[in-house]
Amino acid sequence: MNAEVGPLRLDTLPKTVEELAGQVPRTAVQLLRISMNPQAPAFQVPGEVLVLGELRFRWRLYLAKKGERVVFFFFRKQAPVRVVLDTDITFAIRPAPRTEAAPPARLDRVDFRVVLPPFVTAQPSERKVKELGPPGANPQNTVVLALGPGTGDVLAVKDPEKGAHGAQLRCTHAGTEVILRGADGKWRLGPFLSFIEAIRSWVGRDFEDGETVPLDLYGQDGVSEPRRILNLLALSYVRACHVLGTARLEVPPILGSLMTDYGVSGYRARILLRLKADGMLASEDRDDPFQLMMTARLWTTDGRVEAKVAVGPPDFIVSGPLHGAFLDALADGDVLHDLEEQNVGLSQAQTGCLLRRHRDKASVFRVKREQTRDTDIVVLQGVWEGRHRMLVLRGAFEVYAKEDPPRVVPKRGSIGVLFHGDPNPDSFGFDDGFVTYFLRLIAAVKDWVGVLG
Amino acid sequence: MAVNKEQALRKAEALESAVSAMVEYLADPQRPGQIPEDHRGLVERLMAIENELAGLSELLGARVKESEISTFFASIGTSVVAAQQSLDRESREYLKSIGGQDHILPTVFRIPKVSAQIKCGLEQRRGKGFNIVLFSQREEAVTRHQQTLHFDIAAVPPSPESLEKILGLLPRVEMVLSPGMRDRVFGAVAASGGYRWKVLWDNRDRVLVCPTESRECYLLLFAHPDEVKHVGLWHLDLQSGSLAPVYKYDRRPDEGEDLEPLRNQIFSLAKKQSDYLSGIR
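Chains W and V, in that order, are what the protein sequence lines are. Under my numbering, the very last position in the first sequence is 485; numbers go up by exactly one each time. Under my numbering, the very last position in the second sequence is 641; numbers go up by exactly one each time.
No lab work stands behind these hints, which were simulated from the structure alone. A few of these clues could be false.
What the hints assert, rightly or not - With a Cα cut of at most 25 Å, we get these calculated BS3-like pairs of lysine-lysine:
| no. | chain 1 | residue 1 | chain 2 | residue 2 |
| --- | --- | --- | --- | --- |
| 1 | V | Lys608 | V | Lys558 |
| 2 | V | Lys558 | W | Lys47 |
| 3 | W | Lys308 | W | Lys194 |
| 4 | W | Lys97 | W | Lys393 |
| 5 | V | Lys525 | W | Lys434 |
| 6 | W | Lys97 | W | Lys162 |
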């Protein structure tokens, strides 16, 4: 009998993937042996042979922190401690011409490129950051966001990881600075509405698609855990390609002449990162983790391994079954009644109408995650009673995202109105709690921008 | 105390997990401190216990199947071959059954490809390869069948390159059938004036001509149907032009020797060769 895999140290992942890939040529030989019909009275050239056409893996891994180390395992119930990352690795091993199945020329070098969110200004110059950013801004501590050609808003955020009180923001609209915060401490609507639209557009299309910039994964001091994971996932691909490209099995010559070469294709890893403000993995809810979806695709061109890495905000949803479940949960009679009771001028009929008629334009994003309950913000916009209105709600929800269909249960009495009224971009109305989500998203993106050469 | 099977399974798995954790801790090269020399055997004993406990889990029915990936696919391959053999038998019966019914087109049944997708668990022999594990109990299956494996096994003809390589590897007797080459060989036979050259010349189409490894020398075989002793084997060297007997054409077999099967075999091949050569002239 055998011992189950895991938890294994993460740095054993490349070897583990290599071993799995190494089984494929052995399997191919087994099938050929069967094809040769050894029971036949005389040798016959087989009219047909059995070939392993394609083997497609979808490999589910769980990553956890165990002391200072990151470990992985195959079953969630094996987790020695709290799971911090869900990871999917998908790849196929299929017959490939010898040229394509050739092993990578170098095992220790992958050319990474990263897809930036379209609203992030890639590698801005020192001069530009100084011109657009708040005092003390430089390319290392500041992210410059172009929030859409339609609005002309440019938002420069210095030290976003310090949150609503510590971060410094400067916004220009068509080249003119605009006041971001009112006397009552509320934030100006315009830049954040532009930001919401920019994120909606980003997540609405494939966030793995877009302009790429080189990512220097090797030249970093004190490499962060997500980057280390990325490197190990890349190395896993390289080792799998290498073992297939160099497989030389001891087989009789006749079987050898029938052997097919195999190569790795469609290698894609998808990792749901839960990060602390410093970019390291969060292992506890009290770390108040921010989730980032990281994807990595790898392929080989002329012996050179290339990788495209993208990040997206998985907690910002604009469509799909879970999005629908949130809006259905808010349309519940009890929730509508509670909102009416808050005396902000919302009748049950108005809110119900807004939820029904403008659900496609709604944005839902998680701002806090706890064991069984999330805090989410829902932004609804639309025209009703002849006027353009916006309703921003915040509440606690139990979310059963893995059920089919997903289910969302609002906590009775927790749903509050953050904003209700005319979404005039020049008015002030968002509080720090609302802005914090965006700052955390910017901080996570800045962490990625920070690794660029 | 009565312990039901479910509870026993849970206990076995909990023990297995605990022992696994101990093995992992002790075997971890990054663990601070060294295991005392006289305790080295402890890890191996724990690994043996771990294996026994995994076996107990299997006996208790959680796992229904566990096999190395290559063995797993080989068993599928064997099943495909067996299924095709069964279809071949059925095809034969079917063709027999439709004999004489011209309105029914004869057909045979083939399995060109098997595609499947399985949800399974993965296990690893410590320090060795992977196993695919299928669990039977519902809860186990739900929590552990988290890996997805899709595969195709296809029956395909070998590529022309592969066939060429195989044919190059097979032991076989080559015969000269090209009329031009044969004319050159028999020209040399006539010019040599060697041993019984006229027998070969007179029966040119019925002489088997086999090149040797050097390609400049040939073995020539001829068998006449009239008498058993008329079986001969010659050696022809094109470079020197010499023709010499290897086995004399009219040599009477020794006591206990029987040339009959050889003569019949040569005669039969020679007949086919003669028909072939007549056909291409």
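Requested in this report: Quick one: which hint numbers does this structure break? Sort them smallest to largest.
Outcome: 2, 4, 5 and 6
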